[in-house]
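One line per chain: the protein sequences are A and B, in this order.
The numbers in my numbering rise by one with no breaks, and the one at position 29 of the first sequence is 29.
The numbers in my numbering rise by one with no breaks, and the one at position 284 of the second sequence is 284.
Warning: the hint list may mix true and false statements.
Identical chains share a label here; the pair holds if one copy fits it or two copies do between them.
As a list, the in silico PhoX-like pairs of lysine-lysine whose alpha-carbon atoms are at most 20 Å apart [unchecked claim]:
#1 Lys357 / Lys52
#2 Lys398 / Lys197
#3 Lys200 / Lys229
#4 Lys343 / Lys398
#5 Lys7 / Lys398
#6 Lys52 / Lys281
#7 Lys307 / Lys35
#8 Lys357 / Lys343
#9 Lys217 / Lys4
#10 Lys35 / Lys357
#11 Lys144 / Lys343
#12 Lys52 / Lys35
#13 Lys144 / Lys211
The hints are simulated quantities; they were obtained by calculation from the structure and are not laboratory data.
Number of protein chains: 2
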Amino acid sequence: MDFKTLKQIIAPGQTKIAMIVMDGLGGLPLEAGGKTELEAARTPHLDALAAKSSLGLIDPVAPGITPGSGPGHLGIFGYDPLEFEIGRGVLEALGIDFELGPNDVAARGNFCSVDEKGNLTDRRAGRIATELNQELTILLRTIKLPGAQIFVETVKDYRFVFVLRGKGLGDALTETDPQRVGVAPLPVKALNAQSRKTAKLANEFIARARKLLAQKKPANMIMLRGFAKRPAIPSFQDVYGTRAGAIAVYPMYRGVARTLGMDLLRVDGESVAAEFTTLEKYWNDYDFFYLHVKQTDSYGEDGNFEKKVGVIEEVDAQLPRLLALQPDVIIVGGDHSTPSLLKSHSWHPVPFLLYSKFCRADGRAEYGERACARGSLGRMRGREFMPIALANALRTNKFGA
Amino acid sequence: MDFKTLKQIIAPGQTKIAMIVMDGLGGLPLEAGGKTELEAARTPHLDALAAKSSLGLIDPVAPGITPGSGPGHLGIFGYDPLEFEIGRGVLEALGIDFELGPNDVAARGNFCSVDEKGNLTDRRAGRIATELNQELTILLRTIKLPGAQIFVETVKDYRFVFVLRGKGLGDALTETDPQRVGVAPLPVKALNAQSRKTAKLANEFIARARKLLAQKKPANMIMLRGFAKRPAIPSFQDVYGTRAGAIAVYPMYRGVARTLGMDLLRVDGESVAAEFTTLEKYWNDYDFFYLHVKQTDSYGEDGNFEKKVGVIEEVDAQLPRLLALQPDVIIVGGDHSTPSLLKSHSWHPVPFLLYSKFCRADGRAEYGERACARGSLGRMRGREFMPIALANALRTNKFGA
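Just chain A, same shape as in the assembly (with noise of 0.2 Å):
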């Protein structure tokens, strides 16, 4: 449904909304006829709420399609992946709190290795350390240009964030970033005319940094990539009419959440716990919580099977102190599958739990992928799923007399 019918329907409303989305949540058997990691994990708390849930497998972006990080979550906060797009430099950037203003073009840097000849030996160089990332920033922070502002930020590791400030920038523009070493980083090249001048700027912005960090070990490059403004999308509030609190560890998550106008809440350390503790206090402020635990996707792409169900297991136990909140409706699923099997996102459907009161369970006490492709909410696309959070919460009132 259209975020202009939907409008129309919503209703104010003072019960609570809780999303967990486990990251990569949805997977695969090792072997032919074997459990996945959802199904092999010791989950009595998700099974027990299972019973009373209504369950159901969702496809974020569509049947068969592979999402990123960026469109599956877009998916399941029911924004079509399709129509809004969100750029990897504004992801990074708003990860990291940095306030994009309209005319800003984001990307994300990459400090990497090159040989005398220019061309790559390492394109993360050997992952430096978030103190050494700190210290060339500030390196890079000197250089000037005529007719933008230059933001360099650290995110972590060999990440940084990059943002030019200035009239007429325009952000179709090609990576440098090779993917391979053995030859040089690429220019950046502007793929329509309002993206000539971004461009020059940043191909000049690269070229001082290579002066500048000439002498430097390992890290005596810097490669750009995704480089995006900041879209127009409508917010979260502005379509549901939820005050929307996000509770993320990791930037990109967080620019996520951010780009749809939700509150990031502080979270202190970065367990699954540090978490919950956070939904906790900030519980009584808001009536949306999206709580996202990375650490599924992260054990998936390693092919860490057991692991993966240890993070499934871990978020399990601390589930009791979400019900003890006693939130109206209750949503567990993910923004995406990524079996330990293929070490990949994948386009598998994502298990989906729906408890409210009024979901009309499907009376399992089993949550797993084979559990959900029985389950009465069916199979589903991502942006479907929403109308149905808000509805079980009583916040959506008739369409049409």
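Got chain A sorted already, so can you dock chain B onto it with the hints?
Okay, now just chain B, sitting in the frame of chain A:
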């Protein structure tokens, strides 16, 4: 997902996909509570494959819509049948390997019988033999008209292909078959200005044909249907990046495959076994195989439940030959339903089975309508299916960052 977006994520690959389409596969029980044709069939190989597969129900065009063979096939091949249309004339012409050019308008022709007043007595001229058809066709080829080249080609029995080649020929034309006997065939009418010249030529051809055939029995007249130009449809290879080979015996399905740019592979004979022999022979030359089985539909249309069951069992018996080739992805399904009970195409969604090493198997050794209704593929539109097949063949990349 639109083709433009899809193109961004299609990856090259060495994997192979085999799609077996049993025409009109979906069925109905003859009596309430009974089994459908597919459920009644003894299919040990398909059932064993189902246990390792993901099952679902597909609406080739849209829920509740009874597909014609053209739209049904377009749908399961991932082309929106509401956007792309292939006229019957084009299907017939391409089906007999007639090389249709951009300035050609093709129609399907029927030899028929009329009485002395010119009223139809038999719309198919007693289903004359192909040999007589060939004789009459040679006669019709003597007709020459100014302004266009004329081609007349025998298809089979009472059917032939009529093609006008020339400049300024539109294809918005009415048909001459009144669909009942006792009345005269209708004149061809142009439905837009660009098609007036074509209408004039077609009517002139019909008038000359009537004179030439006047003394012939039983075929003393012709009718023309399905005027159409070859549509601009992106090729299968272009959309999916696979070399596709089509194994089909009936002209119409060869026509569909040809329209999508698939190579038509030679089948020695018309049996299901002969089609599987072709599959084996060309296995190394293509990445995507479309194998079409016609008789499931024919017997469905005849209302012959038992014989339709028999054809399904025949396909099951051949399945080990496909399995021996070790395809990366196996798809078994249909282009629409043809329940013997209804003796016609129907709107019922079609049972589909998708096997791959990564398909997240449902784990039930049963392939039938009810098993598919419970399957994890869920119920989906025809055009949503191909991306899943390609993803399972590891032929897609992630969408977005």
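Verification of the hints:
1. Lys357 / Lys52: Answer is within: at 8 Å inside a copy they meet the 20 Å cutoff, but 33 Å across does not.
2. Lys398 / Lys197: Intra 50 Å, inter 30 Å, cutoff 20 Å: neither.
3. Lys200 / Lys229: Result: close within a single copy only, 17 Å intra versus 49 Å inter.
4. Lys343 / Lys398: Between. Shortest inter-copy distance 13 Å satisfies the 20 Å Cα cut-off; intra-copy 44 Å does not.
5. Lys7 / Lys398: within (12 Å within a copy, 32 Å between copies)
6. Lys52 / Lys281: neither (26 Å within a copy, 47 Å between copies)
7. Lys307 / Lys35: Answer is within: at 15 Å inside a copy they meet the 20 Å cutoff, but 40 Å across does not.
8. Lys357 / Lys343: Between copies only: 15 Å across, 37 Å inside.
9. Lys217 / Lys4: neither (54 Å within a copy, 43 Å between copies)
10. Lys35 / Lys357: between (30 Å within a copy, 14 Å between copies)
11. Lys144 / Lys343: neither (42 Å within a copy, 67 Å between copies)
12. Lys52 / Lys35: Answer is between: at 13 Å across copies they meet the 20 Å cutoff, but 23 Å inside does not.
13. Lys144 / Lys211: For Lys144 and Lys211, the Cα distance is within 20 Å only inside one copy (14 Å; across copies 79 Å).
In summary, the structure is inconsistent with hints 2, 6, 9, 11 from the numbered list given earlier, while agreeing with the others.
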